[in-house]
Amino acid sequence: MVPLLYYQLLSAALFGIGLYGVLARRSAVLIVLSIELMLNAVNINLIAAASYLNGIGRVIAIFVITVAAAEVGLAFAIILRMYRNRGTVNVDEINLLKW
Amino acid sequence: NLHLLTPEFALAGFALVVFLLDLFVPNDRKHLLGWLSALGLVGLAVLSVLMLSGEKESLYNGLLAVDDYSLFFKVFFLAIGVFIILSSIDYVKLHLNHPGEFYGLLLFSILGMNLMAMSRELLTAYISLELLSFSLYVMVAYALGNPKSNEGSLKYIIIGALSSAILLYGISMVYSTLGVTKFEAIAQSLIDLSSVSPALWAGLALVIAGLGFKLAAVPFHMWAPDAYEGAPLPVTAYLAIASKAAAFALVLRLLAEAFVPVTERWDQWQIIIVVLAALSMVVGNLVALAQSNLKRLMAYSSVGHVGYILAGIAVLAPDSLMGANGVIFYLVGYSVTSMVVFAALIAFFNATGQEEIPDLAGLADRQPFLAMAIAIGLFSLSGLPIFVGFTIKFYLFTAVANEGYLWLAGLAILTSLISLYYYLQVIRQMYIQPALVAPAQSDHDEVEAEEGASGEGEDDEHTHTPAHHESSADYIPLPRPSAALIFVVALGLIATIALGVYPAPLLELVEAASAAIIPGG
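Listed in order, the protein sequences are those of chains A and B.
To convert, count from 1 in the first sequence and add 1; that's the numbering used here.
To convert, count from 1 in the second sequence and add 2; that's the numbering used here.
The following block holds chain B by itself, in its conformation from the complex (with noise of 0.2 Å):
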């Protein structure tokens, strides 16, 4: 029943075939790739939907699984490809060379986090990961010119090779001990055990710093604000949303399969979890207070909310599906969110090639969209009622404070309210603060110099302004957004309010997907 596999052949096929393009595509019709790409996982999606809803197989032998939690990453992956490159297009026609192998790559990462999200043994699951780690090093290098661009890869590439090489000796070492790698292998293997060895513990212990490295968490997480002010910014927004949700998929189902069966006799796992979590929250927030590029201070933004992610991957229980319900809901929402952010400031760098915070000052006048879209993205990252962010930290900390940890809870809560600070700090910039005026008539303001975009060609014919004075209105007016990222900002809106006011359709299928995991749910 390799039938069952189709999507992820048929995916493989397609970015083959993006790739076969890019070569007799001419120059000036690349971007149709683009769009090309975006219709392929849509119909991809729709695919997997209709093959594979209610299967619950194990293929070849325990390697893979298709089972309603694969499903829906699956989908999930497959939609946020869809954004991303919806969201892309405008800034690879302007900013970036070789734009069909972009679209490619970003196929290829698209299959290693389906795969990563059906893996069910540690071998696999690396490959994947891989995979998955591959095309993003490619991706946070491509702007080839510019010299940031080049060192957040190259600290990035350095920092994740060595996180596969400790995660790769946890692996050998977990084997070598328990000579198993299936993750329900592993379970029943340490169920048997009379006594765990010390080289068991040291190898688990390297799983996880191994996946922290990925998933970005303190004190794993020095590669992220360098990669993520580096990379260009569709790609920033592909690492934030995407590879941290493929690697939140990967661990949680190694954790639910792997420990969570037996941890009513070896439950040390959690209290590594909970630190980590600890550490993520308080580090993640308080270094975001002082960042003042727009892309650092989403990065340490990511790296607190993978915080409150951990802190709910800790309380996985044997019985209960809140905690994994939890943390699936959290990566759905946080991804819907943070899709709106990241639309908005692509958009806003399209137009302006400006990328910190001073930038932004007055965009409540010159694009009110766009101010609005950033407004909401970030009220609802900080958790404020109505939008989604509100209703995904509500669930996921009571179900951290259901099972018991309840200082872990209060913990999350300062620190959410520790990132409304710079999240207001964005705000006011774009509604409080007067706009730039235009140059030549102004002698009171404040050149700023861009410092983000050397090397990438911006339209600065937008700020020569036109010399008849309008009295009430004499910012720099930004033009429009394109149709792509208006869409994309307009469909995260909704969805933000929307999953925020009625989140139960969305909560039913988090449930299915937390129950094919969680044994006994």
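Next up, chain A with everything else stripped away, as it sits in the complex (with noise of 0.2 Å):
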């Protein structure tokens, strides 16, 4: 069987291509995204732990799933209401608040 180590690098790769798509991208549509993936990842990891361990891994993927799905749809509304009211999501050129 392969090592869980794949597993957990695989899902550290892919982690770390998440977190760098929320600090780079400049688009708030393509954050959430990476966020996604972000937690896609950490999916994965728990599965691959479920399946060498115990099994309660399985449980808290599928409850990160449905938590993940909600928070996307809260920040799309916000993104949508931003949109409304700026005329844009990049999120360079919304700073009426600083420091």
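Mixed in with the good hints, there may be bad ones.
[Said to hold, decoys possible] Derived coverage of chain B by chain A (criterion: at least 3 residues anywhere in the stretch with Cβ under 8 Å from a Cβ of chain A; other residues may be distant):
id, region
1, 122 to 135
2, 144 to 157
3, 169 to 178
4, 222 to 236
[What the hints assert, rightly or not] Below, in silico cross-link-like pairs of lysine-lysine (DSBU-like), each with a Cα-Cα straight-line distance of 35 Å or less:
id, chain 1, residue 1, chain 2, residue 2
5, A, 99, B, 150
6, B, 95, B, 150
7, B, 150, B, 32
8, B, 95, A, 99
9, B, 150, B, 58
By construction, these hints were calculated from the structure, which means they are not laboratory data.
Backbone N, C-alpha and C define an ideal beta-carbon position, used for all residues, glycine too.
With the hints as a guide, bring both chains together as one complex.
Structural data, given as structure tokens:
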């Protein structure tokens, strides 16, 4: 069987890619997309660990999927409201609040 | 014995009832929903105390705990909810749409906070944290037309979602190295562990980072000033008081049940928290020196207070209750004082629509009660005696120094002194600066353009003072705040002074609470 380490490395790589996306993307929609990628990386880690260890991980993964979906719904509602008021989703241009 | 969860079920049902009633109540009577929610919360607090005092149970095979600690925080959160609702009824009537859903969301967030105080397992903690956070994301965005509210809530939700992803990754690393997620099971497997693998260190560090975001500890605090400034004032108060207290309740239980029992073997977790505490104290208080918006000032000052509380959390020990007592007592005292300050600021905003420090000029002449409330609240936050702020700081810093972290206690005292400067700046505006005269009469007044109140209905009629000249009093008088706000402020002031002078009854409750989570206390 593939060692658990490989799954952990895959999850870490995906998490890193998602983190890069959150930090470097300028569109708010793409930032939320990258956060979803990070949450999916967590899911991979949980399910892989559940196959090797006892098995709670699968339950946690289902909860994480649900919460991620709800979070995306809320995030897009707020981005939509932002777009209706300011006409842009470019986070560089949303800078009324400074320091 | 699920009957022990009755207050939570009742709260969830009550929140749904409020949402349902929102459909049927006519538009001009929606504020009755606020009074109904407040009444319901009082009833639930009484119910919880009657049903749950003295219980010590672990439900669902170790997921939720019903003990003195959770009862203390349950009553505490319900009380904060009542006071926030009472102070926000006028604000919501004047400035916000959809009041029924506002109160419903607040009730759900209180449910989330209760569950956070009760959770004994990482997934339960995460889910209840997300319940609280989702309600808060929406509440921060509630002033729909205000671009600052949109921006604050966008920053809050993006950084909040990022932090929950980081927290979850930490949970998954802890799970994949230890195989357990319940707090006591984590402590048990840490005791049996021969060496801690780097993956476990990474997992623990990520969990602390994720929780640090929720607490607004430095260097995870960047969302706090923007979210506090963008949110409507009652929501800022709720963020500063309740969400912080709930996150600390969670962190306290997590550390006390999972890491404190293994402190003799692995005490590296203390170092991480000590560094976070020192950074938060210093950065929070120093950056607050430069602020001119009241909400942003309170945000940075709350970051400083988070630093003090983290210092107390770093000194949790398996054999002494002082650290946990200090933390819980500090949370209560800080919440009471912040409630006073924020309620007075809400009253001021309801009357004038302004929220910058220079706008407070001459408040002592215009509305002496509010000025006194803000002054006492700020003196208490900086730690001056006879107010509760002094008692809580004294207790907490003594607990920190007792465990040997003298330099941390010294740093905390120094930053408290620094904080006195920016609190005094506000008090100086109120008591020493002359009040604005009416614009039609005087030729040397500054016309303050409010930047924060665009799109919100402000009562500008009050600035057109009648033209009769009163020689000693030609300032613009402020209308009296509503009865609910006066009640909240007065009660808060009495509590601030009473707890500062005679904290013993509260300390007994706090000791019972911390004895429930510290093993062998």
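Status of each hint after checking the structure:
| no. | hint | in the structure |
| --- | --- | --- |
| 1 | 122 to 135 | holds (count 4) |
| 2 | 144 to 157 | holds (count 10) |
| 3 | 169 to 178 | holds (count 7) |
| 4 | 222 to 236 | holds (count 4) |
| 5 | 99/A / 150/B | holds, 11 Å |
| 6 | 95/B / 150/B | holds, 20 Å |
| 7 | 150/B / 32/B | holds, 26 Å |
| 8 | 95/B / 99/A | holds, 29 Å |
| 9 | 150/B / 58/B | violated, 46 Å |
Going down the numbered hints, you'll see the structure goes against just number 9.
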